[in-house]
Each structure stands twice: as structure tokens, then as C-alpha cells.
Amino acid sequence: MSIDRRGHRAGAHYRRAVDQWKTSGSDRASSEGFERFRVRRLRNRRIAAGVVAASVTVVSVVLVTRAFGPVDGRPAGPAATRGVILYGERDPVASVARWHTVRPDGSARRDLDLMATCAVWWPDGRAILTTDDAATGPGRPLRPAVVSPDGSELRRLDAVDKPDLNLGCGDVSPDGTTIALEGFGQDGHPELDGIYSIDASDGGALELLLAGPVAPPKYSPDGTRLSFFDDKAGVSPTGSGALFVMRAEGSDPVRVTPWGFAFGDHAWSPDGRWIVFQRPYGQLYLVHPDGSSLHRIPLELPPGSGALNPSWSPDGAWIAFSLQRDDGATIALVRPDGTGLRIVPTPEGELQSPDWATPSAP
Amino acid sequence: MLDRVDPPVESPPERFEDFYMREYFAVVGLAYALSGSRWAAEDLAQEAFIAAHRDWDRISMYDRPGAWVRRVVANLSVSAFRRRVAEAKALARIAFGQAAEVPDLASDDPEFWAAIRALPRRQAHVVALHYLEDRSIAEVAEILDVTHGTVERHLHDGRVALARRLAREEEP
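Here the protein sequences come in this chain order: P and X.
Going by this note's numbering, the letters in the first sequence line up with residues 28 to 389, in that order.
Going by this note's numbering, the letters in the second sequence line up with residues 878 to 1049, in that order.
Hints listed in this document are in silico derivations from the structure and should not be mistaken for laboratory results.
Possibly wrong hints are sitting among the right ones.
[To be verified] 20 Å max Cα-Cα, derived EDC-like pairs, lysine to aspartate or glutamate: (1) P:49 / X:900; (2) P:259 / X:988; (3) P:49 / X:988; (4) P:49 / X:894; (5) P:49 / X:981; (6) P:49 / X:1010; (7) P:49 / X:985; (8) P:189 / P:138; (9) P:259 / X:1010; (10) P:259 / P:229; (11) P:189 / P:229; (12) P:259 / X:981; (13) P:49 / X:1011.
[As the list claims (entries may be wrong)] A few chain P residues facing chain X, derived, Cβ under 8 Å: (14) 33; (15) 34; (16) 35; (17) 37; (18) 40; (19) 61; (20) 149; (21) 281; (22) 282.
No residue lacks a Cβ here, since even glycine has one placed at the ideal position from N, Cα and C.
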């Protein structure tokens, strides 16, 4: 069959599928739906621009705290005060997050003046691994970068001369020498998708560890293994997948959760015995790295809310996560057994991807 | 006695809401074909509609506002970076059951659409609009704001590249 004929046939089928979808899902194109989308964007732009005054901060903290209440009989509020949580505030207009740091009790909040897709602490807390979104454009693919804990001194890690390959979010090895990260092809190069490693000093020495999966990998605390999320067609619910663990050099990937159980982000406990991950529909689960003892953290959240982006505290006693509601998201803490749920007092917004560390003294 | 001649009546510009409801599914379909992502397609399309809404006084005066939105969504959809960001947002909503995914519109010949996405961006735009929306060369030229000859060249080059790629995939 000629390409022209095949194209017309494929196009005709596609148009029929669109028509069928239109018939069955006509309410999706409602002006109310568009207005919700538009207003949500406008609201977040205002928040990102810092228009929300300090009074709103106080009110929002009070409201959120009141909404969730003393979950386990203790007064809602911070108890875990050590370390610093790095988190992003999504700006839907810029399609990236604005990054902040805050202590778990809500004190010492700092705007890093950093707009990036992702950011995680360097293992010793002396720096932050992020993405250099600002310099991304035609002929300039996405690359990781390093910034100081106060957000200054951004240094792009771009020793790799491969313009068709974007290098995005990742993790620094515990010894600080290597970065494992997701790579995805620039326009029309899906064959480049996979998990890569680069030298942490300059971004050079690119190595493809595993072709295919595009999700930020995480190092085990001893640096010998990498965990990552992968999905595949046909897994229900759509978009979900499974968690895998492989050797740090990219060999022997082993699936540690059933298909359909995992959804994106995850984190190793500091002792390396557990991996916390998010399951579809906003639930947090724990599993040993060999796939045993899979169980849900009994976290009771109000209807319509869910937990995403889990991260362990440096002492392993708490898990920080993004508590998502229909009208925004905040950073919350819970113990691994599901007790002690509390909100980190911060201004309202779409807060995401907490990463908890004990930064070294500057 | 002369017949009375009514002055020509200019039709008022279309309301954005009507335009949105009419074009929504086709624009999401185009975003899906060019991005290959069932999750990101709606967000990419919404980005394009937001841009149109912001400037609707001007865009509604165009002969074909739908062409303008298609040009925006085509540019958004072939960017791997933009696609990934939109996908992350959509997946987060799906995670809580707050959004349903777009059905698999390309189930009849997914290899063909995947091959289109592997083309250089302008060729992908031209080929997708030509086959997906059954657009003539003149219409594709208008949508993409390029010359007739440019569309012909990209369509020719795109067909040659598709033939090579699809033939290679069929080899044992």
C-alpha cells in the first residue's frame, strides 16, 4: 500500500474515532470546563507572582490545619523540626516550579528565586541538583545544573554535546561523583529515551544505563542500586506502572511492585530497607527493595485529596509529601506508620516534590 | 422607483465559547497525533485555547480562528519538553480520578502516527494536518502560515521519510 493511501486511511479512521469520542464525551468541551482551567491558571499566576499577602498565609495555614485536624489526637502542627525541606511551587504559566526551602515547622522559609522542572538536595546538603530550564530552547536541550542551597551560583552541567537529547531530573550518588537521570529525545527522537548517568562535576561522561524508561531514578543510600518507575501500555489505571530496582551500572532490573501499583515518584528510606512510593489515586505505599512486605501507609485523607511525591526525613522517622486537593496542594508530614499527619505551614499554592535533608553548614 | 437596497450586514464575531465547543475535540485530536500522549493532549490543547482566549478580540476577526489555534497546538505538541511538562500535570490529575484520559484515537495504525512524530517538526506538522484533518495543500499552508511550495516540499519529503521508516519497520 502506498504511503499516501495508508495516510488517508489512517486519517479517516482517526477522524471517525474523534467523532465517536465527541459523541460520548461531549460535556468535556463545555465552557465551564474551560473556565475552570483558565481561572485555575490565573489564580496560580497570582500566587506565583507573590500577590498573596502574609495575612492570606496565616488564614490558609489555619484553614488547612482546621480541615485536617489533629489526626491522631495530637494537635496538628510541627514536631519534626530537624533538617530543611526543599519544595517546588508549580507555576502553570511558566510550566515549571518556583523552588523554596523551609524548616519542617514552617520557619526559615526562603524563596530560592529558582524556576526549574525539578530540584533535589545534593547528598551532603551543600548544593542542589536542578534543571537549567531557563537556558532551554531551540538547539539548547534541557540539562541539569547545580545551585547553592540559597539558589545562587547556578552552574549548568552541559559537557555532553548531544543536542537531540534532553537530560532532566535525577539523583546524585551518595559519594557525590555521579548523577543518574532521565533522558528523553528532542523532537522526534524517542529512541533516545532512557536512564542515563553523567559525571557530577561537569555533566560529562554520558552513559546510557537503561534504554526506555523516562522517569527520575533514585540511588539507594549505599549507592549500589537505582530504583525507577516505568509504565507500559495496557496497564490500568492509565498512566500507572511499576517500580523497578537495578544495579547502579544499569544491569539486572527487577520489578518490585505489581504492574498498576506505582505512579511516578518514590524515595528510599535512609537505612535502605524501604522504598516509599505513590500509588494511583493518591495513596502512599511501602515496599522492601526486594519486593516483599508491600503495604499501604494507613493515611486517612479527606475525600478528593491525595498524597504525591513522598520523601523521607534524614532520620527516617517522617515522610514528607505533597498533599493535593482540587484547589491546590501543600506539604505535609506523616510517620511511616500513618500517624502524626501534620501540615508544614507555608503560603497556599500548588506545592510539590518535597526533598528533606540536613544541609551542611555553609 | 428604485428598489431599496439594504446595506451589507457584517456578521458579528463568533463567541469564544462557541468556537471552543466546536473546535475542542479536533484540536485535542491534533495534539494527540503530534504528541503521541493521551495524557498531555488535552493540556496542550487547553494551552492553545487559553492563548486564543487571551487575544480573542483580535483572533476572532480572522477568517479562520481555528487555523490559528491549530498552529499554536502544533508548535506546542512537537516539543518533547512541553509535552513532558503537560503530561506530568495531567498524570497528577488522573492520579486522583480528577480527569479521564483521551481515548486511543490512533488504534487503527499506531505505527503510522508514531512515524509521523519521528519526522522533523515542520514535516510532521504538514503530514499530520494533510492526513489527519484531510486538509488540502492550500489549507495546510494557511494554517501553518507558510507558502504553497513549502507545504508541497515538506509533504513530499515527509512521505519519502515515512516510506523509508515504515518499510524498515516491516523488515524481519
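Hints and how they fare:
1. For the suggested pair residue 49 of chain P and residue 900 of chain X, the alpha carbons sit about 11 Å apart, so the restraint of at most 20 Å is met.
2. Under the criterion of a C-alpha separation no larger than 20 Å, the hint pairing residue 259 of chain P with residue 988 of chain X is consistent with the structure, at around 16 Å.
3. With a CA separation close to 24 Å, the supplied pair residue 49 of chain P and residue 988 of chain X exceeds the 20 Å bound.
4. In summary, the hint linking residue 49 of chain P to residue 894 of chain X is supported, as the alpha carbons are separated by about 16 Å, within the 20 Å threshold.
5. Our distance criterion of 20 Å between C-alpha atoms is met by residue 49 of chain P and residue 981 of chain X, whose separation comes to about 13 Å.
6. Proximity of residue 49 of chain P to residue 1010 of chain X is assessed by CA-CA distance (about 15 Å); at most 20 Å being required, the pair is judged to hold.
7. Restraint check for residue 49 of chain P and residue 985 of chain X: satisfied, since their Cα atoms lie roughly 18 Å apart, inside the 20 Å limit.
8. This hinted pair does not check out: residue 189 of chain P and residue 138 of chain P have alpha carbons roughly 33 Å apart, beyond 20 Å.
9. Proximity of residue 259 of chain P to residue 1010 of chain X is assessed by CA-CA distance (about 29 Å); at most 20 Å being required, the pair is judged violated.
10. Note on residue 259 of chain P and residue 229 of chain P: the hinted pairing is violated, with a Cα-Cα distance of about 33 Å set against a maximum of 20 Å.
11. Using a Cα cut-off of 20 Å, the hinted pair residue 189 of chain P and residue 229 of chain P holds, with the two alpha carbons roughly 15 Å apart.
12. Proximity of residue 259 of chain P to residue 981 of chain X is assessed by CA-CA distance (about 14 Å); at most 20 Å being required, the pair is judged to hold.
13. Under the criterion of a C-alpha separation no larger than 20 Å, the hint pairing residue 49 of chain P with residue 1011 of chain X is consistent with the structure, at around 18 Å.
14. Checking residue 33 of chain P against chain X: minimum C-beta separation of about 6 Å stays under 8 Å; hint holds.
15. For residue 34 of chain P, the suggested interface contact is upheld, since its CB lies about 4 Å from the closest CB of chain X, less than 8 Å.
16. Annotation: residue 35 of chain P was flagged as interfacial toward chain X, and the flag holds, the nearest CB pair being 6 Å apart, inside 8 Å.
17. Look at residue 37 of chain P: its Cβ gets to within about 4 Å of chain X, closer than 8 Å, so that hint holds up.
18. The closest approach between the C-beta of residue 40 of chain P and any C-beta of chain X is roughly 4 Å, which is under the 8 Å cut-off, so the hint is satisfied.
19. Interface hint at residue 61 of chain P: satisfied, since its Cβ lies 6 Å from the closest Cβ of chain X, which is below the 8 Å cut-off.
20. For residue 149 of chain P, the suggested interface contact is broken, since its CB lies about 23 Å from the closest CB of chain X, more than 8 Å.
21. Restraint check, residue 281 of chain P versus chain X: the minimum CB separation of about 24 Å is more than 8 Å; hint violated.
22. Residue-level restraint check for residue 282 of chain P is violated (minimum Cβ-Cβ distance to chain X is 20 Å; threshold 8 Å).
Violated hints for the displayed structure, listed by number in ascending order: 3, 8, 9, 10, 20, 21 and 22.
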